[in-house]
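As they're listed, the protein sequences go chains H and L. Numbering-wise, the first sequence is residues 1 to 184 according to my numbering. Numbering-wise, the second sequence is residues 1 to 364 according to my numbering.
It should be emphasised that the hints constitute simulated quantities derived from the structure, not laboratory data. It cannot be assumed that every hint is accurate.
Here are some of the chain H residues that sit facing chain L, going by a computed Cβ distance under 7 angstroms [said to hold, decoys possible]:
#: 1; residue: F51
#: 2; residue: I57
#: 3; residue: M58
#: 4; residue: I61
#: 5; residue: M68
#: 6; residue: L69
#: 7; residue: I70
#: 8; residue: L73
#: 9; residue: M129
Ideal Cβ positions, reconstructed from N, Cα and C, are used throughout, including at glycine.
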Amino acid sequence: MGDYLFYALASALVTFSLLAVSLPNLLHGAISLIAAFFVTAALYIMLQLEFVALAQIMLYIGGIIIFMLIIILLTTGLGVENRHKISNSRRLAGAGVSTVLLFGLLYAIGSKPSTVLVKDKYRAAPVTMDDIGLRLLSTGKEGFVVPFEIISILLLVALVGAVVIARRDSSVTYSHGDGQKESA
Amino acid sequence: MNQLPTDTNYPVHNIVGDLVRHHFPGVAGYVNGFLTLASLLLLVALLPVFLIWLERKVAAHFQARLGPMRVGYHGLLQSTADGLKLLFKEVLMPKGADRFVFFLAPILPASAAFLVMTILPFDHHLQVADPAGGVIYVLGISGLSTLGILMAGWASNNKYSLLGAMRSGAQMISFEISLALIMLLIVMVTGTSSLRGIVLSQQGTILDWWIFKLPVLGLVAFMMYMISSTAELNRAPFDISEAESELTGGFATEYSGISFSMFFFAEFVNMFVSAGLAATFFLGGFLAPQIGIGLIDMVLNFIPGFVWFFCKTVLVIFLYMWFRWTFPRLRIDQLMDLEWKMLLPANLVLLMVTGVFLAVGWIL
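Looking at chain H on its own, in the form it has when it is part of the complex (with noise of 0.2 angstroms):
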């Protein structure tokens, strides 16, 4: 059954991930990836890996691909057959890049795994949400609070840094298109 699961979703997850690459209009193409991270969210629960399956759902789907589509909706042309033409030297790089990587995970995760896996590999799963928050916010060999609090302390800045850009100058006056004035 898992077997079976797991080939039916990795197929899905390839097809989507060509289809998101290759699609001409633009809209689709983010559909497709959207369609993709639901099903790479599916993998990771089948890992059960639940936290980062919830995460993976939050961050891209909510958050990113959202901001990627009012990029693409602001954008005009969509629809049109407006492919960019790749020249054959960049292909072979790409192949290239491609081939490299591939190896590398065969050999990451074929005959010889690597100490990192072997060791990973029995604690794992499952992972509670208690587990990560505990380490997270631990001070000890294991614990990654320094790093946490620094990441915190730039997703604040940013939050706050969009505020202060929404703020108008205040000696700024503005009319609006019927001659009306306002000050803010």
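Start from chain H and add chain L according to the hints.
Frame of chain H, contents of chain L only:
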């Protein structure tokens, strides 16, 4: 006292589930799972019918009218009739619209509403699933509604639709930040993000609900939740995405028949979900409102939990409807100002003060 057990394992006994388990022991898991989803689907299908009737009645009484009175007792069957009429209407698609996206778009908000319903704790053990990251799940899935609206606006090939969709997209992303921060506050004070766990953390008397348990701050957080969820639902006074006087019908201008009714249904189910979350986070979910007097508490506890849940949820829904007839509609720039210059800074301060409260131990 009335401490509910937190670790009772599934399966939980009920009449239908036990009957299936008795007669078909082999496939009981599948049959019961199917029945669960089917009953939830039935609820999702019937809720909007009731809520639309309620909306019309509340609106009418706020304006000293009677509202629908002819079809059924006090017009109870009016929205059923309207729904049937919508189902049989022709589905029109504008020329030059993107066929695939046009028909995909209405499905997304409807399925988002259904997916969030699966983790609402209707009663002790009356919940389809209880993921440990329930709050994250809610936040992630609610992004699907935004996606559906953006797609609908673009696929309609109509500038009013696109404008409405862009407005609503901007609005929903902005207010989702406030909503997420308030949920973060609740997760912070309860120490769990499973919705059942959040309800179970409010056991005791009425003063143990988070709206009162966190002195003053709970009430402030509840008010902020109401404001941001009203905006997230695109309801009046924040319904600029379909401001009739400026944008005809907003993103749904070109939709008709069943496609339109799916948007409409999703809106009402989302309202129920949002109200249910408010009840879960602040009003004790399925717990009875005990007041600490033994005899009265016994009577209150006798009423099953899902009745309390629905009562609290309908109360919050009534608040949403009340807002609609009390406040004038905001302009888009005022709306954005409200979020980015008032609600968001206020949220950050609230989060900080709550941290101080937690550290000092000022919790009832």
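Query raised in the report: Minimum Cβ distance from M68 of chain H to chain L below 7 angstroms?
Result: 10 angstroms, violated
Query raised in the report: Can the hint on F51 of chain H be confirmed by a CB-to-CB distance to chain L that is less than 7 angstroms?
Result: 6 angstroms, holds
Query raised in the report: Close enough to count: is the Cβ of I70 of chain H nearer than 7 angstroms to one in chain L?
Result: I70 of chain H check passes; min Cβ-Cβ to chain L is 6 angstroms, inside 7 angstroms.
Report task. Grab the minimum C-beta distance from L73 of chain H to chain L and call the hint holds if it beats 7 angstroms, violated otherwise. Result -> 5 angstroms, holds
Report task. Return the status of the interface hint for M129 of chain H: holds when the least beta-carbon distance to chain L is below 7 angstroms, violated otherwise. Result -> This interface hint holds because 5 angstroms falls under the 7 angstroms limit.
Query raised in the report: Does I61 of chain H meet its interface restraint, that is, does its C-beta lie within less than 7 angstroms of any C-beta in chain L?
Result: Holds, about 5 angstroms.
Query raised in the report: Does M58 of chain H meet its interface restraint, that is, does its C-beta lie within less than 7 angstroms of any C-beta in chain L?
Result: 3 angstroms, holds
Query raised in the report: Would the hint on I57 of chain H stand, with a C-beta cut-off of 7 angstroms toward chain L?
Result: Holds, because the Cβ-Cβ distance from I57 of chain H to chain L comes to roughly 4 angstroms (cut-off 7 angstroms).
Query raised in the report: Holds or violated: is the Cβ of L69 of chain H closer than 7 angstroms to a Cβ in chain L?
Result: 5 angstroms, holds
Checked against the numbered hints given earlier, the structure breaks only hint 5 and satisfies all the rest.
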